[in-house]
Amino acid sequence: AQKITQTQPGMFVQEKEAVTLDCTYDTSDPSYGLFWYKQPSSGEMIFLIYQGSYDQQNATEGRYSLNFQKARKSANLVISASQLGDSAMYFCAMREGWRGNTPLVFGKGTRLSVIA
Amino acid sequence: GAGVSQSPSNKVTEKGKDVELRCDPISGHTALYWYRQSLGQGLEFLIYFQGNSAPDKSGLPSDRFSAERTGGSVSTLTIQRTQQEDSAVYLCASNHGGRVAEQYFGPGTRLTVT
Numbered sequence: 083a084q085k086i087t088q089t090q091p092g093m094f095v096q097e098k099e100a101v102t103l104d105c106t107y108d109t110s111d112p113s114y115g116l117f118w119y120k121q122p123s124s125g126e127m128i129f130l131i132y133q134g135s136y137d138q139q140n141a142t143e144g145r146y147s148l149n150f151q152k153a154r155k156s157a158n159l160v161i162s163a164s165q166l167g168d169s170a171m172y173f174c175a176m177r178e179g180w181r182g183n184t185p186l187v188f189g190k191g192t193r194l195s196v197i198a
Numbered sequence: 002g003a004g005v006s007q008s009p010s011n012k013v014t015e016k017g018k019d020v021e022l023r024c025d026p027i028s029g030h031t032a033l034y035w036y037r038q039s040l041g042q043g044l045e046f047l048i049y050f051q052g053n054s055a056p057d058k059s060g061l062p063s064d065r066f067s068a069e070r071t072g073g074s075v076s077t078l079t080i081q082r083t084q085q086e087d088s089a090v091y092l093c094a095s096n097h098g099g100r101v102a103e104q105y106f107g108p109g110t111r112l113t114v115t
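For the record, the sequence lines run as chains V and C. Counting the first sequence from 1 gives a position; our numbering is that position plus 82. Counting the second sequence from 1 gives a position; our numbering is that position plus 1.
By construction, these hints were calculated from the structure, which means they are not laboratory data. Where hints are given, some of them may not hold.
Said to hold, decoys possible - Taking lysine-lysine pairs in the DSSO-like style, the calculated list, with each CA pair at most 30 Å apart, reads:
1) C:Lys16 x V:Lys190
2) C:Lys12 x V:Lys98
3) C:Lys16 x C:Lys58
4) V:Lys155 x C:Lys12
5) V:Lys85 x C:Lys58
6) V:Lys152 x V:Lys85
7) V:Lys190 x C:Lys12
8) C:Lys58 x C:Lys18
Stated by the list, open to error - From the derived model, a few chain V residues whose C-beta atoms are all more than 10 Å from chain C:
9) Met93
10) Val101
11) Asp111
12) Met127
13) Ser147
14) Lys152
15) Gly182
16) Asn183
17) Lys190
18) Gly191
Claimed, not checked - Okay, the calculated beta carbon distance ranges per label pair:
19) C:Glu15 x V:Gln96: 28 to 36 Å
20) C:Gly72 x V:Ser195: 19 to 27 Å
21) V:Trp180 x C:Ser8: 42 to 50 Å
22) V:Gly179 x C:Gly29: 35 to 43 Å
23) V:Ala198 x C:Ser59: 43 to 51 Å
24) V:Ala100 x C:Gly72: 16 to 24 Å
25) C:Leu40 x V:Gln90: 16 to 24 Å
26) V:Tyr146 x C:Glu15: 24 to 32 Å
27) C:Gly72 x V:Arg154: 21 to 29 Å
28) C:Gly72 x V:Phe94: 45 to 53 Å
29) V:Asp108 x C:Leu40: 24 to 32 Å
30) V:Lys155 x C:Gly41: 23 to 31 Å
Glycine included, every Cβ here is placed at the ideal spot set by N, Cα and C.
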């Protein structure tokens with residue numbers, strides 16, 4: 083079974099609009115972390131935001147916020163006020179367990195295109 | 002400070018040849034990871050090193066793949082008798098193991114097997 087599912091292969095959004103990228107996850111471990119990474123066409127992986135399974139508040143980082151619904155096992159990324167530079171692949175990833183130094187499991191990604 | 006570096010950035014090899022990919026992690030990071038990204042796909046975990054512990058090789062797709070990490074720093078991923086399906090971008094990442102501990106990725110090595 084897929085541990086991380088991103089159901090939107092591609093998304094389009096108008097510049098300055100908000101967009102939500104979906105991510106659902108599957109784990110039986112009560113302690114886990116969820117990450118979002120951005121991969122522009124240059125290929126680099128850029129860390130955006132993190133949510134721990136025990137965190138009470140939804141994570142926010144500038145224009146990025148994570149809509150964490152633990153009971154539904156979803157961790158959607160919300161990008162507010164989209165910019166042309168936000169066009170990229172976005173990957174949701176999970177780390178199981180409490181230790182920070184374990185491998186990440188990635189979803190297949192969503193390609194976001196921002197339209198002027 | 003310097004980020005994760007990888008070399009070469011591009012490698013073209015003939016089927017059946019061996020290749021070595023190098024990763025230089027961020028200084029002080031105790032954990033080092035190798036991932037593979039095939040065209041248009043997500044990242045697939047291959048192997049990771051944590052300090053002096055034995056590496057977790059559970060993601061290696063076959064015994065043609067191996068990796069070592071010398072002195073707790075630089076790592077080399079070796080693919081023997083390369084096959085066309087090995088063509089992918091090989092990404093290295095490192096982190097220090099704190100609670101959040103996002104992984105810092107290198108620019109990757111694009112391997113093409115002809």
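Item to check | Numbers of the earlier hints that this structure fails to satisfy, in rising order | outcome: Numbers 2, 4, 12, 15, 16, 17, 18, 19, 20, 21, 22, 24, 26, 27, in rising order.
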